[in-house]
Structures are given as C-alpha cells and as structure tokens.
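Protein sequences appear in the order of chains G and X. Per our numbering, numbering through the first sequence is continuous, rising by one, with the last residue being 291. Per our numbering, numbering through the second sequence is continuous, rising by one, with the last residue being 1433.
Take these hints with a grain of salt, some might be off.
As the list claims (entries may be wrong) - Counterexamples of contact, computed for chain X against chain G with all Cβ distances above 12 Å: (1) Ala-1003; (2) Arg-1041; (3) Gly-1045; (4) Asp-1070; (5) Ala-1281; (6) Arg-1284; (7) Gln-1296; (8) Gly-1301; (9) Lys-1322; (10) Gly-1334; (11) Pro-1346; (12) Gly-1351; (13) Ala-1359.
Stated by the list, open to error - Only part of the chain X face toward chain G is listed, based on derived beta-carbon distances under 10 Å: (14) Ser-1148; (15) Leu-1186; (16) Gln-1285; (17) Asp-1288; (18) Pro-1303; (19) Arg-1331; (20) Trp-1336.
Hint data in this document are derived by calculation from the structure and do not stem from the laboratory. Ideal Cβ placement from N, Cα and C applies to all residues, glycine included.
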Amino acid sequence: MLEHLNPAAAAPRRVVIIGAGGFVGGSIRARLESDGVATLALTRKEVDLLQAGAAAKLAGLLRPGDAVVLVSAVAPAKTVSVLMDNLRMAQAVCDAVAGLELSHLLYISSDAVYADDQNPVTEFSYCAPSTLHGMMHAARELMLKSATTAPIAFLRPTLVYGASDPHGGYGPNRFRRQAEKGEPITIFGEGEERRDHILVDDVAALAALILRHRSRGALNAVTGVSTSFHEIARMVASQAGGRVEVKSVPRPGPRPHLLHRFFDITQCHQAFPGFRFTPLAEGLAQSLRRK
Amino acid sequence: MTAPVIGFAGMTHLGVNSAAAAAARGYSTVWFDPDRAMVGRLESGEFPVVEPGLVELANTNRERISFTSDATALGRCAVVYIACDVPTDEQGDSDLSSVRRLIDTVSAGLARDAVLVVLCQVPPGFTRALDWPVAQRYYQVETLVFGSAVERALHPERFIVGCADPAVPLPGPYRGFLEAFGCPVLPMRYESAELAKIAINCCLVASVTVANTLAGLSERIGADWNEIVPALRLDRRIGHHAYLAPGLGLAGGNLERDLATVLRLAEETGSHVELVRASLADSRQRRDWPLRTLHQELLAGHPDAVVAVLGLSYKENTHSTKNSPSLALIRHLGPWPLRVHDPVVPARAAGHPRATGCATALEAATGADALAIMTPWPAYREVSPSDLRRVMRGRVILDPYRVLDGAAARAAGFDYFALGVPVLRAGEKATRA
C-alpha cells in the first residue's frame, strides 16, 4: 500500500525529526546520519509540543521542502489524559505544518490501529483500535492527513525491541534486563502467546527507505515471523550463557483474548524487495552485545 | 427451408469461438470486425487467440464462414451476435463504450426483422436500455472458459437467454439455432439473465475461495488438500466439476469484472456482499504466495539470486496474461535477474529489465537458484526433477499447481513448495509412500 513518488531512491534535502531523543526517533536519526542525510533532530529540549507556543516555535524551525518525521509521543497512551496530551502534541505539529510546503511527512504510528481480531494483519486490515493507544495513533494519522497536502506515509511498527529501549515492557527488553541482572526470566503462564517483534534498527531502516523513496501510504513495520514469549525467553537465556532460568509465573489477569498475532508482509516485499529483516535471534544477540 | 445465416460482430476470443461453433453446427456464418487488418489475418488463417482445436474447427467448416470488415454484410443475417471485448480497469470495472459503438455500427445495416443478441459481459440493466425493438433484442449468457472455449462453445450445458418478456416465444430463426445445440434453453427477463451470468461466476469464486482458504490451512497443519478434493467431488451437493483446485487468486478478468459489478450494485442498493469482499481479499492473498515463499526461502539477503519463471499466461492453453499471477510475481522481482519461458507468450510481456527469454523450460532453469512454475502448461509436466537438479544452481522449486511429482523433486534434492500441502524438504523422510 505504499506508492513511491521517487521510484529511484534519492536522499531528501533535509529531514526534520520531531522526537529524535526517543528510542525509535533516536534510531531513525542515527540511521539517517550514517546514510549522510542532513537532519534537524528535535527533542523535547528544543520544542516541547505540550507547551504554549509550540506550534509557532516548530514552524520557525521548518523550511519549505523539508521532509518531516513525527515520532514524538507519550506512550503507551493508557489513560484519557495521556491520550489527550498526545492529541495536543499532534495538534501543534498540524498547526506548524499547515500552509508550509513540505516535501514529505512520515508519521511513526503503531500496529495498535488495527482491530484486535484480525489475523493475519496486513495493510488492508481495518483500522478499528480497541485501545486508547491505538485510537491515539489512528486519530493522529487522520489529523496529519487533514493538516497538509504533502505526501504522507504511516509506518506502523509492532512490538519494537533493542538495546536502548527505555521501557521494561513484557517481552524481549524485559527478558534481556532480567538476564543481565542474573534474575530468572519470568513468563506469564506458559508464555505461549505468539507475537511479532521487530528490532528498532529495522524500523529505522524502513523509515529511511520511505524517506528516500518519498513514499505515501501505509506500511506495517513487522517481520512476518511470530514467536512465543516462551521461545523468546529461551533464546535470551541461551544467549546469556545458559545461567538464567526461565520461570513461569501466574498471569496478572485472564489469558489474553488474542492468543496469537500474525502479520503478512507481502506489502513490504513489494515496496522494498531487497529489504532483509534482522532475524529475532540475531537481533536479540545484537541487543545483548550493545548493552 | 433454408437455414438462417448467423452473424458475429467482434472477432474476439468470444466471437471467434462462438462463430466457429455455429459454423460447425451447419450454419452459414458471417464473421465481422471493423478492424480490416484483423479480418485479413483471419482470412489467412491467423487467429487472434490460442484455443485447442479452434483453427482445425474453422478450417473444417471454412465453406460456411464469410469474413468481412463491412458491416452491411451482416444485412443477410437473421441473428447477429454482439461479441466484442468489454475492457476492465484494475478494479474490474467495465468500460461499455465499445459495446455501444459496435451495436451502433452493426444495427444500421441489419435487416428489419433481424434479431440482435448481446453476447458480451454486460451489467444488469444494459440490454433493456438498448435502442432496438424489444421483440428482436436479446441477451445471451456466455460461459467462455479460456483454454477450453471450443469444447464449451460446441457443447454448452444450457443457453440462458434474457428477453423483454420471457413468456413470449423466441423468434423462430433464433430458437432454431439454439436448439441445434441440443441443450436446454432457459428464457428469462433481461435482468435475470444478466445477473445469472454474475451468479455463475460468484458460485465459481465461492468454490475457489473455499479451496484456497482450506488449501492454505492444509499447508500449515500437515494436511494435503489434494487428498480431500476427491471426497468433496463425491458429495453430490458439491459435484464432480466443482472448482476445488487451489490457485493463485482470480485472474483472466471475467470473474473480477463480475465481483466489481456486484460491489457496485451493492453500493447502489445497500445489499450485504461481504462474501465478495472476502473473496477478493483471499484472491489478493493467494496471488502473492509465490512472492512470500521466494522471499522466505531465498531472496532475503541474496541480491544476486537468479529466479527462473515458467509460464507467463494467466492459465495454460491461452495467450492471455490478464491479471496473470506470473506477471504479478515478476512485477515485484525487480532487483533479481530472471530467466523466463512460456510456450506462447513472448518474454517481453514480462516487462522486467533483467528478464532473459529462453527457448525451453530446461534452458530457463539453467543456473537458477529457484524455479517457479507459474502456469501449469502441459509441457512442463515433461520436465524431470533430475534434469532440473543437473542444470539448476539452487534447490528451491515453487510448483503451486503441482505440475511436477513433489516426491520426485524432493528425492532429487529440492525443497518443494506447492499449494495445499506442507513443504517437502530435501533430506526429510517422506511421511507416506
């Protein structure tokens, strides 16, 4: 579902990254800079999107012809208050870009925009979020679309992992931290739920490709391989030298309604035929080494 | 009494096969097309379509065939069929302007009592809106099947005829012509007949969708869809001729056209047509099975991999590439060098900058890392896995339609992928003889 306005890849003149201090934003910045792309990296220090006057301040930093990546968010958006903060942040960006002739806009969204009960998920799946977090991303996509005439791409990552992830959410990042501390890796129940996990470097690489091709449309940042939490825990334990135990603990709540989630990555093959995802075991090993 | 002359306007796949069948039934026929060059080629025996038995049938009945690019020559016909192509866009939506144009061209020179029969695929409401006397205006459902068009034209299961009033008997010459084929004739109102055509295709699509859905599941749970199919065929509610072979999505354009028409009618009327949407989604998903499999097995991280593609047409025994799964695959293999072969479609149809056309299947396979048999041409059944092993560099065979013997391919050292059955890996023991 991506259309390349630059069929042959070409470096954008300048990419402004809003949210360059975060886990994903920082990786995108590093990737673009290592590719030799001129960037303007904006963090909360330069522009706090929740402060009064943020839109004007941001507008003052943007130039016609810029490509803009919006990755800034307060995540996960689990409460109404955080949801509204995220929408206000997006509103500031919308106000800043309105009337400005951007060359391209890339929004780092989320696979949470899709309905829970769809399997396998593709870019053709219905956007019907079942969480505030998903609704936040879906609303932001529409807000941005309404605010600019520039070509827009939505990159929708699934569960992202990597060495610099600040979150300790259930999955690879938490397992790695537990292993590094020599603690048992704890999985809920049998850890049988299968999910798709993508290395943050791969998300950044896809973002860079989208920017180079000036693509518009939507693409899921997913690997197409779903692995159980139990299997991931065993991989991490093994990579930590086998000294770490994998321990089952009671689930904090009922077993999830959605036991497994799969993605069909045909659209990625079609959009970027030469792209290779980092296999999970390789990505986990890289994350351990970098730490 | 002299048998009436039957005219066919539009020397298309449909027109040529229908006209040849009429001549074979003993009727004098006029084959009209406004394209003079096309008529010239037909006269010299060069047919615009590939169909088993077509050229022989036309040659055998040559004395009852009159070719012309002059519409007034249809003036001696008692019945004239309109059989032009109705082009569709990527969404399957029809452009009916060519039908209207052809009717305008033809109708001016017809005899006052001539019967005009629309044979091309038109949406409900089209025939009633035409400007021709209702007593001489009919719509007849075509059930052309590419690759077996002659057989079906000679031996139709039935004729479905759309009329202004089905209670009024068909005009004598038209009725007599249809009865010459010895099958039931089912008159019904125009709209019913136009929808009947769509209904037939929707039933076919539903069968294909079921087959594709469960074949996909078979691949993942260790079942073999081919073992299940005979059991279904013996169920009289399903039947021997049901479309149960899994495939790479809808292709050819005709089924897609009817689904697009249903979606349009549903939008206009508020009908519930989720079945059709699901079928289209299934079609898209299955069409890309070879692309996913190639990426998973070979392409990721191998920028120099060579892929051999056998077959470019959308199915065997036809030159048509409309919505061909092979071309859909090739379109997304831009970075990789290809070696392609098709018995009738030239390699340039692949439209791939790095495609090399090959004279034989084995030549195409030479040096390839993966082989994809994208059209089940009969000739490909003659290719032996051991010969492939000898000439190929890699060990991946995609054979969605199971043209080769999978067990022999595995025994020859290939990883063998087909629709409806789990992968057969080289070196793995066979689970059954």
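*asked:* Tell me the numbers of any earlier hints that the structure contravenes, in ascending order.
replied: When the structure is compared with the hints, numbers 5, 6, 7, 8, 10, 14, 15 turn out to be violated.
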